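Novice: Protein chains in written order, with this note's numbering: chain B, 1 to 382; chain A, 1 to 178.
In short, the hints are calculated from the structure, not lab data.
This structure is a prediction, so every number in the text was calculated from the model and none was measured.
Yeah, the Cβ is synthetic: ideal placement off N, Cα and C, and Gly gets one too.
Treat each hint with caution, since some may be false.
[Stated by the list, open to error] Below, computed lysine-lysine pairings styled on DSSO-like, alpha-carbon distance capped at 30 Å:
hint, chain 1, residue 1, chain 2, residue 2
1, B, LYS337, A, LYS33
2, B, LYS337, B, LYS312
3, B, LYS58, A, LYS101
4, B, LYS46, A, LYS42
5, B, LYS170, A, LYS42
[Stated by the list, open to error] Derived CB-CB ranges, DEER-like:
hint, chain 1, residue 1, chain 2, residue 2, range
6, A, GLU105, B, SER26, 36 to 46 Å
7, A, ARG142, B, GLN23, 15 to 25 Å
8, A, HIS152, B, LYS312, 26 to 36 Å
9, B, GLU292, A, GLU148, 47 to 57 Å
10, B, GLU355, A, GLU148, 13 to 23 Å
[Claimed, not checked] To be clear about the criterion: a stretch of chain A counts as covered by chain B if any three or more of its residues have a C-beta under 8 Å from a C-beta of chain B, and this derived list gives those stretches:
hint, stretch
11, 4-17
12, 27-33
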Amino acid sequence: MDYTLKESPTLETQMLEVNLGPQHPSTHGVFQMNVTLDGETITRLKPVMGYLHRNHEKLAENMTYLGSMPFTDRLDYICSMTNNFAYALAVEKLANLEVPERAQYIRVIMAELTRLVNHILLVGFLLNDLGAFFTPVLYAFREREKILDLFEAISGSRMMCNYFRFGGVKVDVTSDFIPRVRQIINNFPKFLDELETLLSENEILMARCQNVGILPEELAINAGITGPMLRASGVPYDIRKVDGYSIYNRFKFRVPIGETGDVYDRYYIRILEMRESLKILDQAIKELPDGEFISKAGALGARSPRNFKAPKGDAYGRIEAPKGELGFYLVSDGTIKPYRYHVRSPSFINLTVLEDMCLGQKVADAIIILGSIDIVLGEVDR
Amino acid sequence: MKSLEQIKEDLERQFHGVGITIEGSSLIIPKEKWLEIARYLKDSPDYQFDFLSSVTGVDYVQHTEVAYHLYSMAPPIRQNADGSVLWRKSAADGLCPLTIKVRTERDGHMPSVTPIWRSAEYQEREAYDLVGIQFDGHPDLRRILMWEGFQHHPLRKDYVQEDQDREVGTFPKVPGFV
C-alpha cells in the first residue's frame, strides 16, 4: 500500500529519517523508534530496544529459585505483585506445590488491586501523551496512592513488593486490611464515574483516538498479542477465564470486548476492566477464609531457599497480567538453581505490531498508539 | 480431546517417516520436518493452534534447543442461548499448552516459523541474540537486546563477561548456616 503524499510536479520531496530517541518524555522509558517520514506521514517505523537490558534471565541462573523473586518485581515495575504471581505459579507447577485457600484469596486480591493500579496509570499517561499535561495523571495518582499505601502496609514496600512465596505469600495481611480494601471498593467507582464524565465523551479524546491505530483481529492473534490490546480488537480471550488459574473460576465477572481495535477502544476497555476488577475484589473480600497464608512445604522453602530443589523437568506458568500474558518458562536440572529461566513478556511481544498500526498515520498518532499498547521497558528489555 | 500420544501418532501418520519422541510433557520434533508440521498444526481443523505464545532458546552445551508453547484461540464450539459467546475453550481443549522442542547443534540453523506465526518475529531474534541459534527464513534476523556489534551470546553456558573477576553462582561456606 502506498503511503506517500501525491507528488506535485514543481515540489521536490524527500523522505526524512527521524529518531524518536531513547531519551524522550513520551516513550514510556528508554525506547527508540527509527521513523521514516514523508511530510508528517509515517512510511516506516523500526523500534529499537535493549537500553534497559539487565540480563535478568542469566542472573536467575546463578541464584536460587527464591532469590529471583525480588528481581521479578522489577520486570514490570508498576505491577510487581502480578509478576511475583506468575513466577510463583510457574515454580509451583514445576515443584507440585499446593497453595492453601487463604493464600489463594489474598493472591487474587493483590492481583486485582494491581490491575487497578496499572490501568489507572495507563489512563493517566495516555492522556498525558495526548497533551492533557499531567492533570489526569494527578487525579489518577491520587487514587493510586491509596492502593500503594495498602501495599506498603502489607508487604513493606509500595512498588517492589516481593510479597509472594512458593506455596503462599510472605506474611499474613494486617487486621485493618479488609476495611481498607472495602473503602477502596466503595470509593473507586465514584472516582471512575468522575473520570469518565471528563474523559470518555471528551471531544478531543474521541477525535484523536477513534479510528487511529486499528489492529485487525487476525493480525492480533497471529502476532501473539494478548491482554487488553487483543480484547479491544474483538477477540474474547482472557487467561483468567480460559486457564482458570488459581481460584478465578469461583468469581463472577465479565470481560469487556472491543469492536474496532483503535486507540479509543483500548482506552475504554481498561476503564471497563477496572470496574470488573472491583467486582472481583468485592466477592473475594466477602469470601476470604481463615487459615494458613503459606503451605508447610512452602514455608520450609522460604526459610531455607538454598535447600529448595525443584524436580527435573520444565514448566510454563502464565497469568493474565494487566498488560497481557505474562509467562515464565523454567527448566530445572534438579539442583537449587534453575537451568533456564525465560520470561514471556507481554510488552515485548505486543510491540511486534507497532509498525503495522502506525503506517500511514501522523507522528503525533504514533505517540498515542505507543501509549495505548501499554509498554513498560523493564519488561520489554528484562 | 486428544492426548500427547494421539497427537504423536497423528503427526507420524500425516508426515511419513518423521520420528517424533515424547519427553516429559513435550514433543521433540526433528528440525527438517518442523516447518511443515507447524503449518499443519496451525491450519488443520483438528488442532487450529493459531497462537504461538512463547519461543525460548535453551543452551544445553552439546546442543541447543528451541521450546515452543502453542495455544489455540479457535472459535467457540458452543454458544449460550441468549447469543452471548462462550469462552474460547479451544478445539484442542485440554491439550494446551502444546510444548514442542526442536533441537539443533551449537551454532546450528533452524527453520524460522515467523512466516507462520508472526509472534515469533521478536522472540526468534532474541534467541539468536542471546543463545546464538540461526533462524533461516526470518525476515530480519539481527540483534535485538544487545547492541549492534556485540560479539558473544550471553545466555550460553560458557559465556564469560569481559570484566568478570570473581566466580558467580557459588555461595560462601559460612559455618552453621546452610
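Novice: Tell me if the straight-line CA distance from LYS58/B to LYS101/A falls inside 30 Å.
Specialist: Answer holds: LYS58/B to LYS101/A is near 21 Å, not above 30 Å.
Novice: If you draw a straight line from the CA of LYS337/B to the CA of LYS33/A, is it 30 Å or shorter?
Specialist: Violated, at about 34 Å.
Novice: Can you let me know if the beta-carbon spacing of ARG142/A and GLN23/B is within 15 to 25 Å?
Specialist: holds (23 Å)
Novice: Is LYS46/B close enough to LYS42/A, meaning Cα to Cα at most 30 Å?
Specialist: Holds - the C-alpha atoms of LYS42/A and LYS46/B are around 28 Å apart, at most 30 Å.
Novice: Falls inside 36 to 46 Å, the C-beta gap from GLU105/A to SER26/B?
Specialist: Since the Cβ atoms of GLU105/A and SER26/B sit about 45 Å apart, the hinted range of 36 to 46 Å holds.
Novice: That 26 to 36 Å hint for HIS152/A and LYS312/B (C-beta), does it hold up?
Specialist: holds (28 Å)
Novice: Count residues of the stretch 27-33 of chain A with a Cβ under 8 Å from any Cβ of chain B, then say if the count reaches three.
Specialist: violated (count 0)
Novice: Can the suggested window of 47 to 57 Å be confirmed for the beta-carbon pair GLU292/B and GLU148/A?
Specialist: With a Cβ separation near 52 Å, GLU292/B and GLU148/A satisfy 47 to 57 Å, so the hint holds.
Novice: Compare the distance between the alpha carbons of LYS337/B and LYS312/B with 30 Å, and conclude whether the hinted pair is satisfied.
Specialist: holds (11 Å)
Novice: Is the hinted pair LYS170/B and LYS42/A satisfied, with a Cα-Cα distance of at most 30 Å?
Specialist: Violated, at about 42 Å.
Novice: With a Cβ-Cβ cutoff of 8 Å, does the stretch 4-17 of chain A contain at least three residues near chain B?
Specialist: This one is violated; 0 residues, fewer than the three required, reach chain B with a Cβ under 8 Å.
Novice: Is it true that the C-beta distance of GLU355/B to GLU148/A lies inside 13 to 23 Å, as the hint says?
Specialist: holds (19 Å)
Violated hints, listed in ascending order, are 1, 5, 11, 12; each of the other numbered hints is respected by the structure.
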